[in-house]
Amino acid sequence: MTIEDKNIVWLDLFPFLSYQKKIKLLSLFDVNLDIKKVFLLKPKFREVLTQEEFTKMSALLDDNYLNTQIQRFEKDNIQIITIYNEKYPALLKEIDSPPLCLYCKGNLQLLNTTAISVVGTRKPTDYGTVVTKQFVKELANCGVTIVSGMAVGIDTIAHKTALEENGNTIAVLAGGLNHIYPSINIGLSRKIAENNLLITETSPDISAQNYYFPLRNRIIAGISKGVLVPEAGEKSGSLITINYAIDYNREIFAVPGKINSPMSEGVNKIINDFPPSFTISPEKILDFLQIKKENLKNSSVQLDLNEQIILNYISADKHTFQEIADHTKLPANQLNAILLELEMNGIVTKLANNSYIKI
Amino acid sequence: MLAKILSYGLTGITGYPVTIELDINAGLPGYDVVGLADTAIKESKSRVKAAIKNSTFNYPINKVVINLAPADTKKEGSMYDLPIALGILVAEEVLTNDSLKDYVVLGELSLNGDVRKLNGILPMLISAKQMGYNKFIIPKDNAMEAAFIDKIEVYPVETLKQVVGFLKGEIEIKPNDNKTYESALKEHNFKHDFAYVKGQVSAKRAMEIAAAGGHNIILIGPPGAGKTMLAKCFPSILPDLTFEESLEVTKIHSVAGVLDAKKGIVVERPFRSPHHTATLIALTGGGLKAKPGEISLAHNGVLFLDELPEYNRNTIETLRQPMEDGYITVARNALTVQYPANFILVASMNPCPCGYYGSTTHECKCTPTAIHNYLSKISGPLLDRIDLHIEVDSVNYEELSHYQLEEPSIEIKKRVNKAREIQLKRFKNNNGVYSNSKMNEKEFKQYCALDKESSNLIETAFKKFNLSARAYNRILKVARTIADLDGKEHIEKQHIMEAIQYRTLDKKYTV
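Protein sequence lines correspond, in order, to chains A and B.
According to my numbering, the first sequence is numbered sequentially starting from 1.
According to my numbering, the second sequence is numbered sequentially starting from 1001.
No lab work stands behind these hints, which were simulated from the structure alone.
Because the structure is a prediction, the values reported are computed rather than measured.
Incorrect hints may have been included.
Claimed, not checked - To list a few chain B residues with every Cβ distance to chain A over 12 Å, as calculated:
id, residue
1, Ala-1195
2, Glu-1245
3, Thr-1329
4, Phe-1444
Stated by the list, open to error - If you want the footprint, here are the derived chain B segments under chain A, 3+ residues with CB under 8 Å:
id, region
5, 1347-1358
6, 1386-1395
To be verified - For lysine to aspartate or glutamate, the following EDC-like pairs were computed, each having C-alpha atoms within a straight-line distance of at most 20 Å:
id, chain 1, residue 1, chain 2, residue 2
7, B, Lys-1493, A, Asp-304
8, A, Lys-24, A, Glu-53
9, B, Lys-1463, A, Glu-165
10, A, Lys-191, B, Glu-1459
Every residue, glycine too, gets a C-beta built ideally from N, C-alpha and C.
Sequences are here, hints too, so could you generate the full structure?
Spelled out as structure tokens, the structure:
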């Protein structure tokens, strides 16, 4: 690790330093020097920092302290990619305030792959769930990396679907890697770290504050070529991501929702404000990325008559097991087996209340 | 004169003979009971005295000493009132020792001399029969209970006076008529029947499987979906109790005092549904007298825990060991008793704290974290012992409103019985195992072997649904039962697919 890298990692250890302050501090001296050595010598540092901040930072000037921290991170399999590192995502460098350092866990090769972000409501309707699954499935199967924020709702569905399809996915977190939030997704984060990637600009031991989340969204927008919104309410955080995407010149893809559904207000507003974002199929995204759609596995699955009757019945609306049983007149044991097979082939998905819908 | 009367005592559900020795000496009037008697026995003084006087006999004005032998065993209950009263009458020379020597006498007295009903008659009589006693004098209200034990003479009595007359040979009492278990079975009607449960094909099918393989089952669904009703119908599709099973159940119920006196024997598999505020002792048994708890009362039947996450977690966790072993040992300072507790657990729960997750009629207001916390109230090890997880969806209006009856329980029961027969045949050499749910590792390996296609399928399913390792055995055991219902010797692909569907809680339940 070079001196420049270490300087940034050291600054990241202090949660009270804002991005702007870090930039300012770094601009005050020659980047090849160790900031800790020059810290007490340069009176200009005091001008940038408050007295309290200055005292706190001068207490930790010991080189050993930083080194043990870095060793601990490495022991936790956390890899540190600063903006000077060649592995740092090229797209992310283009934005006006690129994170100085990315703390990563998992497969670093994903950092420079073609990525699409999927963001949306934390309380998806069945429609939103199905749309997300459908889009992510197709994109992941064509090798597109799915980026999202690992929040509950659309984010989680996007990550999980990508994993199910053996696709690539990056979760961009707001807090440090030792403080996974939300805790309900700790299991998911472990799974993503296996072959995929978790990244964050926050030092591992710092937990997320409220204002970290909007900042995190700029990374989601910055690292990807486009942002897909399957479903978003009126005050959804995904609208912040969309604003970043506009600033950074990223493509926006919004899937229209019902006009009377509160969970679609945000996404419909995006379409209203930016009509080109209107998206009704994953092909539009693939065309934009200039990826040829590969022959999906599904086409090889032969459906028998019963399966087709069921699929027609649940293609637009979800239906409960009982309704499907009444409609098809099939006995419960046979219907259970058929539905499981369809679910395993990724053709239908099971929703709450024992109901099924075609993806 | 010294009197000697035979009676019986009870520890847990096994009886032991008690000899009541009674002596009347000159001295100040008094009434001394020795032989570790409890308060109920010591209080017999007032009952016996009043009963004797009100039956127009003389009560001695001397000192009465009563010894309950064996003297080192604690005795409790009110069954010694009648033998003590008879003993006094022998000592007073109203009766002779000879007239009583063949009889085992049990009964509580009321002040006017009536003989009252007792708890635990059946286990006492069964033990006594095994010990070679065959003549009994018992309260008339307990007569039905005794009717199912053959080759013994039981004289049901109503009053003290009647007993004295009988023993003197002045009155004739007809011995109790024997009843056969089959006749009791025939008279029995189930209160709940699946014929009246509309829709719910999926849940009904799962209950059929649970009944066939003896699997524990949990029903998940919104309020009003019919979870409780389904559970109540469950005993009606379970195989009939055999006579031996019925005696076991009746013994426990008799000891606990919950036996229906008119029926005398339990013919329907018990259905116990303790409230979720039930304490640990109420479930497992115990208390001062080490009485059987709900899980023992549910022996050979169904333990229904409605709203499982509402139960105290410690209370639920104690079920784990008896669910494995089929019995529970209740240890109290005075005595240690083993009660059988072999039941099928039927539990129900809502999908989330408000109950309406995924409902089409109500909006669910629960956050994913709240739902997650709610579901995690049920510990992994307990869930591990529940083979079938079923989602019960609410029934819509059209289904409720059509009047056609559904398939009656008796038809389902026929299929269940058939599947049970196959299992009994399969496990006839395996001691203690009689259903698929109880298979141990060795039997599991032997009877749940899969062909190539099936093992591929289960492998794919595991990856796809992120199933836990513990789900593997459960799925195969359930698949074994489904294959038995299907009459197939080997587990086939469709059996496994159906079994996987019953692991809702293992598959991700929420996003």
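Hints and how they fare:
no.: 1; hint: Ala-1195; in the structure: holds (17 Å)
no.: 2; hint: Glu-1245; in the structure: holds (29 Å)
no.: 3; hint: Thr-1329; in the structure: holds (38 Å)
no.: 4; hint: Phe-1444; in the structure: holds (22 Å)
no.: 5; hint: 1347-1358; in the structure: holds (count 3)
no.: 6; hint: 1386-1395; in the structure: holds (count 5)
no.: 7; hint: Lys-1493/B x Asp-304/A; in the structure: holds (17 Å)
no.: 8; hint: Lys-24/A x Glu-53/A; in the structure: holds (15 Å)
no.: 9; hint: Lys-1463/B x Glu-165/A; in the structure: holds (11 Å)
no.: 10; hint: Lys-191/A x Glu-1459/B; in the structure: holds (18 Å)
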